[in-house]
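So the sequences go chain by chain: A and B. Numbering follows the working numbering, with no gaps: position 161 of the first sequence is 1541. Numbering follows the working numbering, with no gaps: position 250 of the second sequence is 255.
No lab work stands behind these hints: they were computed from the structure. Don't take every hint at face value.
[Unchecked claim] For lysine-lysine, the following DSSO-like pairs were computed, each having C-alpha atoms within a straight-line distance of at most 30 Å:
(1) Lys202(B) - Lys1667(A)
(2) Lys13(B) - Lys244(B)
(3) Lys1645(A) - Lys57(B)
(4) Lys13(B) - Lys264(B)
(5) Lys1467(A) - Lys1500(A)
(6) Lys1685(A) - Lys202(B)
(7) Lys1667(A) - Lys1645(A)
(8) Lys13(B) - Lys1645(A)
(9) Lys1645(A) - Lys37(B)
(10) Lys207(B) - Lys1645(A)
(11) Lys1645(A) - Lys202(B)
(12) Lys1685(A) - Lys1667(A)
Chain residues, written in single-letter form:
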Amino acid sequence: MSNTILKVKNLTKNFYTASGVLSAVSNISFEIKTGETLGVVGESGCGKSTLGRAILRLHEPTSGEIYFDGTNITKLPPAEMKQLRNKMQIIFQDPYESLNPRMSVSQAIAAPLLIQKRYKSSQKHEINQKVLEMMDLVGLARRLVNSYPHELDGGRRQRIGIARALVLNPKFIVCDEPVSALDVSIQAQILNLMQDLQEQFGLTYMFITHDLSVVKHLSNKILVMYLGQMVELGTPSQIFENPLHPYTQALLSAIPVPDPNIPMKRVALTGEITSPINIGEGCRFAKRCLYAKEECSNVSPEIKKIEPGHLVMCHLFS
Amino acid sequence: MNSDLIIKNLSVNYQTDDGLVYALDQVDLLIKEGSSHGLVGETGAGKTTLAKSVMRLLPERTARVISGEVYYQGKDLLKEDMAAIRNIRGEQIAMVFQDPMTSLNPVLTVGEQIAEAIEVHGELSKSEVQQKVGEILEMVGIPADRAEEYPHQFSGGMKQRVVIAIALVCNPKVLIADEPTTALDVTIQAQVLETIKELRQKLNTSMLLITHDLGVVAQNCEHVSVMYAGEIVESASVKEIFSGMKHPYTKGLFNSIPKINVNVTRLIPISGLMPDPTQKPQGCKFADRCPQMMAICLKSKPELKEVSPEHHVRCYLYDSI
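Throw the hints in and build the complete structure from the sequences for me.
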């Protein structure tokens, strides 16, 4: 147990909508080791953000179990869950929408400290010291301490988001598309910052993104999702050099390579992601799959271990 | 007649409460008939302002064209009256906007919106228009019978195909695509870019593809211009720029992206931020972020110089060549 910080078993999250049951996360299991990064990739609507939020219980899971540091936290009562949020934090996608426009930089960074009662609100000096310390850590100039979000660009706003997540000294952070809203030159600054902080504090990340190049760059393990299911899990070299699932292959082949001398050999993927509402039995990718057989649309494939650490859910391998 | 699109010495300002914003500064660009030209840069570089200038879509109250010409088929588009421009828009030069979610009218069927583009430019009978709507929908990969449906019944990728259908239904000679796939997932992006490529080949349409994704440029364009703070800083064929990029900003941009085909343990970001667009520095606009900055860079602005055939760079590092 020592090395595994997070263990997720058969996690399922359904939403009950007017048009039927929406299966956002279906029966997903994985583990993350301390100090490592799990990259979660998939296209919009595949349930990757819901997975991240269900793990932090920002969405209550429908079924399944979540173990953090060896403790089952799936049914933890609110007071204990609040305690646990000292150790589990989240960085949100859009730094334009995830900050309260009426809170200054120092208020935003100090808020978690007050909520978790690390300091009393009368301890102004101590709080201010901590805020400035965090600002130095994430590379925000101290002169911005009383600025409001609208005065700052996207990169700086995301640095606030990171400072706010780190101020409680957590062990595990769900990073939900933290660089998607940023320009490429700023994106690199933030990715480097996150790597440095991980090294410095031994943080464990669950990094959610649609950008496969980013995931390859950062992750120790990659989980590929399609319509709520985990279709493949492996190390970056397993996923990128030997992608097994037809969806992973199609996804990789669709990335435009920044080199005109490497022409794209695209695995033609027709159609678009289907609706996750009232989804039936069978492989969820079958309708778009080049290799679909009759059994694919009738029977759900099992998750198979192909080699150590490399799992795939596809009838081609059963 | 030759259908090159030639932009010369184009400067555009916006008047705002914070003062003048220098959006475009003496931009030169040539899009040859039938070719595909990528325009790369970050938010605020002036890419969209450039596209809107060509289409005469700049906001009249705030935008001012300070200097420059946009030549197309012997005419300066900036001097034509609005009636002439309306004839050119759609029929000669068409535009695809970034966000398919907001560029379609939610209360008209997609068929009606495509038909509108045909009716503005032609004298076709109702049944001929309907037939043409069906044809172009099939061409972009949408079954013709879906013409009766409304935008909300389509997914993001399908909506962008509809927008492309509207842009291409009159067989324009030039297509200006402003980040056409930025809002789409990669597998859908690949489908949409492929559709554009096929249609362009069929219709011999040239394209100005505005994007921030160097991968999209590498795979879809023959030429590329890199913009920074309202200026073209480097311009060359795609092959040439990827094998020998010269400007420190182009190099910085390339080193900032994690690459799918190469392993790097650490990215090399460009330090600092884009300059304030209300300031017009004396020297090079990239100087304060440039790792190779020299004394002269702060004193005067470098010119766009040819370093090898058809490869232009705006940087003092290559001045002696």
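Evaluation of the provided hints:
no.: 1; hint: Lys202(B) - Lys1667(A); verdict: 26 Å, holds
no.: 2; hint: Lys13(B) - Lys244(B); verdict: 24 Å, holds
no.: 3; hint: Lys1645(A) - Lys57(B); verdict: 34 Å, violated
no.: 4; hint: Lys13(B) - Lys264(B); verdict: 35 Å, violated
no.: 5; hint: Lys1467(A) - Lys1500(A); verdict: 20 Å, holds
no.: 6; hint: Lys1685(A) - Lys202(B); verdict: 40 Å, violated
no.: 7; hint: Lys1667(A) - Lys1645(A); verdict: 21 Å, holds
no.: 8; hint: Lys13(B) - Lys1645(A); verdict: 38 Å, violated
no.: 9; hint: Lys1645(A) - Lys37(B); verdict: 27 Å, holds
no.: 10; hint: Lys207(B) - Lys1645(A); verdict: 22 Å, holds
no.: 11; hint: Lys1645(A) - Lys202(B); verdict: 15 Å, holds
no.: 12; hint: Lys1685(A) - Lys1667(A); verdict: 24 Å, holds
Of the numbered hints stated above, those contradicted by the structure are hints 3, 4, 6 and 8, listed in ascending order.
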